[in-house]
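Chemist: Here are the chains, one letter per residue:
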Amino acid sequence: MSTYDEVEIEDMTFDPDTQLFSYPCPCGDRFQISIDDMYDGEEIAVCPSCSLMIQVIFDQEDLVEYYKEADLEPPGQIAVAA
Amino acid sequence: MPNYELLCFGSNGNGQLGVGHDDDLILPQISFQSAGAGIKKVACGGNHSLLLLEDGSLYWSGENTSGQCDSSGTKRSFNWVRLPGNFLDVACGWEVTVVVDSDGWVRTRGRGDKGELGVPQLKRSDEWMYLFQCVDPGAAQCYATFQHCLVVVPEKIYGWGNNRKLQVCEDSSSKIIDTPTVVYEGDTANTIVALGKDFTCIINKNENRMKLMGPLAKEIPKITSGLPNGVKSIVTADSMWSSLHILNDEKRLISVGRGLHGQFLEGSLPSDVVKFVTGSEHGIIVTKKMEVLCWGWGEHGNCGSLNSKETNHINDKSNVISPINLIGKYDNVSKIFGGCATTWIVLQHEA
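As they're listed, the protein sequences go chains A and B. The UniProt record's numbering puts the first residue of the first sequence at 1, with every later residue one more than the last. The UniProt record's numbering puts the first residue of the second sequence at 1, with every later residue one more than the last.
Among these hints, one or two may not hold up.
[Stated by the list, open to error] Okay, derived cross-link-like pairs now, DSSO-like style, lysine-lysine, Cα gap no bigger than 30 Å in a straight line: (1) B/LYS335 / B/LYS156; (2) B/LYS222 / A/LYS68; (3) B/LYS335 / B/LYS211; (4) A/LYS68 / B/LYS165; (5) B/LYS275 / B/LYS156; (6) B/LYS275 / B/LYS317; (7) B/LYS289 / B/LYS251; (8) A/LYS68 / B/LYS329; (9) B/LYS222 / B/LYS251.
Please keep in mind that the hints were generated in silico from the structure rather than gathered at the bench. These numbers were taken from a predicted model, which means no experiment stands behind them.
One chain only, chain A, in its complex shape (with noise of 0.2 Å):
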């Protein structure tokens, strides 16, 4: 099933305790989707309390900053554009 919505990773709000990207679903509870996921290649992030998804439009270079706020290494390399 299509996803619900698009998402600009800057339009998601980051917990860097819980290393959780998330963004507020209209049925009241939040999309969330992990940063290492993300990482991985992820880019669906899922409500808790409904079926509805988002799809966060990210490159992996953006997790950097996040990573950094959360004081942790990336799992691996990532490779930044010059």
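Please build the complex by placing chain B on the supplied structure of chain A, with the hints as guidance.
Modeler: Using the frame of chain A, we list chain B on its own:
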């Protein structure tokens, strides 16, 4: 003197339906009763609800973890709690509440990372923040959605909140507008405001003018082609989070935006439709025969049950993408409201 009954159903994970528990409902249940004062408005955030009566009294139910409802420190309430003060209007964003009080003060409270509180740099307040005072309190109206807010006063409209998609104003250098900013000037009597997640639609029939801000502005040609008699032929308009719906005088809905979950009605509306509003991703109408119908994304029970013999009120997730569905036929439906996967019906009974 008439008395009033507020029915509700849908998403209830934080008790935002005010029915004493936190189970989602698929059939309407009584949430509030009023002998005397009419029910003026129900405004809904992500997980909190505000109920305003015609006598100015204001009640809340649902989540209060960010102080979006009251200052007691209570995390949530499954029942309606009265707030001190006297109010004229109320609206809710995701985790914020906006009111116009009887002295004309526009106040906000709760949590807003995108400027929703309308106070520079402030992201959270569990006390009311007083933004500005309206000269003519009775003429002021407040609106809010996801992450932005609007207040309509005579000849002006103020906006603030998330402007990443230029949904508040055309100034692309400001991703966050954290102070009330004039976003529209001109006649504001008879103005229709419809706010979506990343767009704002302002319709003024007196001036035959429509302003659409945000990415949906690219759909203006489609809207215009659905309005051969111009903006004057718009009966009403409302927005789901990701789509705008304009009802024209031929009782046809012009819908633009995202509609992959049943939000766009196939075919036309019943010809005797008298009221139309939206929730976060569903539509609600009332017909002249006082039938209430819903359609759209109904996973939380907010579009009712498709089984007309259903007697269990608790949502069984049997109606995820709802065709237009009859909720019930009543004697006198005075108002309808939609929230985040919630549906509200106000019944008026003559004593």
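Chemist: Hint by hint, work out which the structure violates, then give me just those numbers in ascending order.
Modeler: Of the numbered hints given earlier, those the structure breaks are 2, 8, listed in rising order.
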